[in-house]
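Residue numbers (our numbering), protein chains in the order written: chain A, 18 to 368; chain B, 18 to 368; chain C, 18 to 368; chain D, 18 to 368.
Take these hints with a grain of salt, some might be off.
Once the Cα atoms are required to be at most 25 angstroms apart in a straight line, the calculated DSS-like pairs of lysine-lysine come out as [claimed, not checked]:
1. K240/A / K250/B
2. K61/B / K61/C
3. K240/C / K147/B
4. K61/C / K19/B
Hint data in this document are derived by calculation from the structure and do not stem from the laboratory.
Given the structure is predicted, the values throughout are model-derived calculations rather than measurements.
There are 4 protein chains.
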Amino acid sequence: MKIAVVGLGYWGPNLVRNFLSIDGVEGVVACDTLPRRLENIRKKFPTVETTSSFDDIVWRDDIEGVVVSTPVSTHYPLGMRVLKAGKHLLLEKPMASTTTEAEELLDLAYSKMLTLMVDHTFVYTSAVQKMKELITKGDIGDVLYFDSVRVNLGLFQHDTNVIWDLAPHDISIMDYLIDGKPVAVSCVGVNHFSEYEDVAYVTVHFAEKLIAQFHVNWLSPVKVRKILLGGTKLMVVYDDMEASEKIKVYDRGVDVKGEDAVYKKLVQYRTGDMYSPNIDTGEALARMATEFVDCINTGKPSISDGQAGVNVVKVLEAANISIKAGGRRVDLSYLSKSNSRSLISIPTFSN
Amino acid sequence: MKIAVVGLGYWGPNLVRNFLSIDGVEGVVACDTLPRRLENIRKKFPTVETTSSFDDIVWRDDIEGVVVSTPVSTHYPLGMRVLKAGKHLLLEKPMASTTTEAEELLDLAYSKMLTLMVDHTFVYTSAVQKMKELITKGDIGDVLYFDSVRVNLGLFQHDTNVIWDLAPHDISIMDYLIDGKPVAVSCVGVNHFSEYEDVAYVTVHFAEKLIAQFHVNWLSPVKVRKILLGGTKLMVVYDDMEASEKIKVYDRGVDVKGEDAVYKKLVQYRTGDMYSPNIDTGEALARMATEFVDCINTGKPSISDGQAGVNVVKVLEAANISIKAGGRRVDLSYLSKSNSRSLISIPTFSN
Amino acid sequence: MKIAVVGLGYWGPNLVRNFLSIDGVEGVVACDTLPRRLENIRKKFPTVETTSSFDDIVWRDDIEGVVVSTPVSTHYPLGMRVLKAGKHLLLEKPMASTTTEAEELLDLAYSKMLTLMVDHTFVYTSAVQKMKELITKGDIGDVLYFDSVRVNLGLFQHDTNVIWDLAPHDISIMDYLIDGKPVAVSCVGVNHFSEYEDVAYVTVHFAEKLIAQFHVNWLSPVKVRKILLGGTKLMVVYDDMEASEKIKVYDRGVDVKGEDAVYKKLVQYRTGDMYSPNIDTGEALARMATEFVDCINTGKPSISDGQAGVNVVKVLEAANISIKAGGRRVDLSYLSKSNSRSLISIPTFSN
Amino acid sequence: MKIAVVGLGYWGPNLVRNFLSIDGVEGVVACDTLPRRLENIRKKFPTVETTSSFDDIVWRDDIEGVVVSTPVSTHYPLGMRVLKAGKHLLLEKPMASTTTEAEELLDLAYSKMLTLMVDHTFVYTSAVQKMKELITKGDIGDVLYFDSVRVNLGLFQHDTNVIWDLAPHDISIMDYLIDGKPVAVSCVGVNHFSEYEDVAYVTVHFAEKLIAQFHVNWLSPVKVRKILLGGTKLMVVYDDMEASEKIKVYDRGVDVKGEDAVYKKLVQYRTGDMYSPNIDTGEALARMATEFVDCINTGKPSISDGQAGVNVVKVLEAANISIKAGGRRVDLSYLSKSNSRSLISIPTFSN
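Please construct the entire structure, taking both the sequences and the accompanying hints into account.
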């Protein structure tokens, strides 16, 4: 099997490197329109074939899977061509610019029985895997809230806001970990220096008694990557800036005794031990790449499949609508394919 | 001058202790309806006079100032009686249950030329004073955002939500530090165990390009008290859980060159030194108590005066309305006295 | 039973307060030669009887136990009088200025069957108790090393060095935790500003393959109180400056397979989970005071008895000899009563 | 100019990579006796010439500088051959196994006017450069102590102890930063699992009132790399595990007023601000490699020259002698070339 990597900017070379070292991948073909980038790849990875023609990639018979690591606005057109050509597709996150586009990609992949994956790298980290395990085994109990902070100084994007830049990581983690049903999104923020917001707070509302919030910020003097996950049985702090002890699991919570317990002041706090599972620090990207090859070979579903990609895009799109509407709650059902036209008629909220 | 302290629950005894040691305070009279609490005060502070009669406090001629440290629902009736009796008034935070009540107290104090203060203790800390100094001197430049996190495990209140319990501290700090004009509030959250929310995010929108957010949470396994303040020139992290180095000032930010700078990618990051000013750890409550006595004696305005109290209550009340309306943006002007009736007609937001 | 507290400087009032609240203690008598201190005690604790006469304390029949919290040079003469008067004795740490004095106190208490305790407060903390439990249950395996750092800025003492000021805490913890047999002490350090050392490193050598080191320093810009305890099965970090998570237990270590394993490179690292037991933060001093009363009542041995006091003084005295001898190793057996004369003949080490 | 790198184990490939990217270096020749390592280099760096013959390296005319990154026991013989062949020499740290060897290398380089450098990488970090700047400008005042901790779990070496493995880094930093004259070394430690010590404390005594200590440990559950540097004017904490804020400078210290100030209790503590200079995180190894090329070209002295190498080896050798002698103080003058024979007669210290 040969894999093509399209788009060799910041992230593409990492994808090339990872696919090169996967057993079963016979060759990697790298594609970009900039000759400088192709040359750079040839220098670093002499065995990689390069081309500046996307058509080449699409029509060559020996390429089974295509990885698209180009700007998000091109994911849909490029991805559709890949799928139409009958090739398996891995899209860089976020999957597409709109829910409609993402869902079309998903439908096409489904109808053609092709693997469609999105590079939600973080769900392949040992830290997130550990959290998933705690949730799946029931150790955490019911999830009460998911709070994420991803802030740092820059890097300002000039074609998108801080939400589309930073939030996909944490939204994909939330989507992976939490079984609840997101029903609406609200989002507030400010654009200080351009039309694009640089500080934002995205909230996901659920059908269940559960809330998720994402603080993303390009203007923070310190770099923070932290998730707080509260459950009825255990609570977890995931601090990605820690060299070790990234995950801390607290045997803490609230026990409510009886139906009317709170009114009767029968809320009791549990304050037990904390433990920090030892987690390996292998490269998540390597695991993601391996999963793409496995899914192609076996047809098995991926933990970051097209549906996961759609879920993330839906929240991002809703956040964009909400922030322009002053934080108004945007129902996610409006963003589904059949309903998507109705978005046009949503009036701008004026207070 | 004698000072009366009414309400001797958790916080009252601290007020008694602090007023006892202020020069110029000749005596402290402590008042509560529970005999056990009065006895406790007499044991700890043998020189303090005690009474179970609030009428006593109001009508005694030798008491010049009254400190009301009772449940918030009683602040308005008790405070009005104190002011009507011509005595100076210090209210525990939050100042009142509604903006209307708070404004009536403020108006009465104003018309009777009495000192009206609210115990926003945190604005008297050296840390907040240092931040104020940096802002006033112009060192920070324009404030871009104010982000606060105040989370811990419990203590569940059975008559109020986490917003009214934890947010007044940070809202009063924001009100003190930031000169911008708050225009609206939105708030989202969840009540997991009772009718009262235990996790909430309060956002204050400003007329300026500025946003403030407050994360309050009774269900966090770890205790966090942290404020991030971004300015165009400097950025500050205030971590109240640090034993020393509570305040860190970062010479970091964004320089935008030219009108269309961002589009032209002329945004430049500054990443300079950090410094942590040495701040004393004297008791803020002692300074607040001293200021009350000073204000009584001199008529000078306080940094936590009645207007500050009104400002805080307004945000809290708006947050309560917003959270019930699914996060809808609530215009603060609706909460002003003259407009307050109109609140009744605000429909519950249904999505 | 009445308890007398002699010496009301920095620590004495804390002892008074704690003994006052112990069931079974009918009264506390406070003694100091400075009238100001006595007055201070009467003001704070109206029920406490005061006296400026140590003779009073010694000869009164109603006083069963005497707590001596005076400068260390007076522990021996005052302590001997207390014991000779047939009263139980609690000495502030360190127990005495020399091993000889400490041992005489111990012998006298033993022969008169009186309780003799030393206020090694730290061994009563939940953190140290937890470590003791881990060691006693065998969870830690063989102890490999004990490394302690206790540094801060000041407070310079003008009658003793940093070793006698800061090291007793950690030496008493080591003495309590470790079963090994200390055989020698070496110590290096510098006196920058007076005849008394302000930076020092004390090493305790054991008969076993085990080493303990104590870094004490009055010239550190940051306050550190940290102990590293390495065992063959588990390793512990005790950081007393942490608000919570003071104790972290690591399932890490080295497994050596076979007799000649290391030579054959069969050393294997274990890197497992970390856990942080939840420990209560009750006052250790209260527990120590309670134990003194219990020991008086029941005759049971204390975890900080006279022998523990002797052990700590022995290390301190040896450290003082070693530091003057340029770090020379001082055999602890020289400091035993019978051998103590021979110390005189130890030549000053000249390099 | 061509540069040869001899020894392609763990560190060698890093040296190859760095020398490859230096302007003025026309080619890198890599040398090792293991074919597998040579192949590995050819794969990663296709432009690098490889050879298994050290003779080749020594006799080729086009190679000006040779980097020796082999086990320490071979530094002397290989280094002597390089110098005798008239080539410039860069030795991996530590420079040699004994002071005598190191001094012979230094003498030969000196007499042949060749550049001799040792790869003390840490002195090229921005953090250490910043500390040097503070000392050189006089900001720190007189240095009072240097305390270093470098501990982690493993990696056990099977041919040397923890001192020779971990301490060279910190000793070279100390040698670079501190102008005082080291006069003696004492060292204590334990070998738990083999003949080689795995926990050790090295102390360097100075002619001045100044002490340096190095805690090195292969058995620590946590990784610590921390230096505390106390001066009369400022104090510095250098924590290499911090992602940012590696250096913190504290305006803290002790002011002594008058000759007999301490006795008169006139010691005053200064507790001022802390600041953390922003330091770049460029690769120190690249700077070291560049300096080697510069020194070859210009004959300028290096900050990690042969004398620095000798200084470090002297402390290491003395530490080894001291630890075997139970911590006895070893005079550094014994280790000078002329005196080195006398070491043989130093009796094993028995207490």
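Of all the hints given earlier, name the ones this structure violates by number, lowest first. When the structure is compared with the hints, none of them turns out to be violated.
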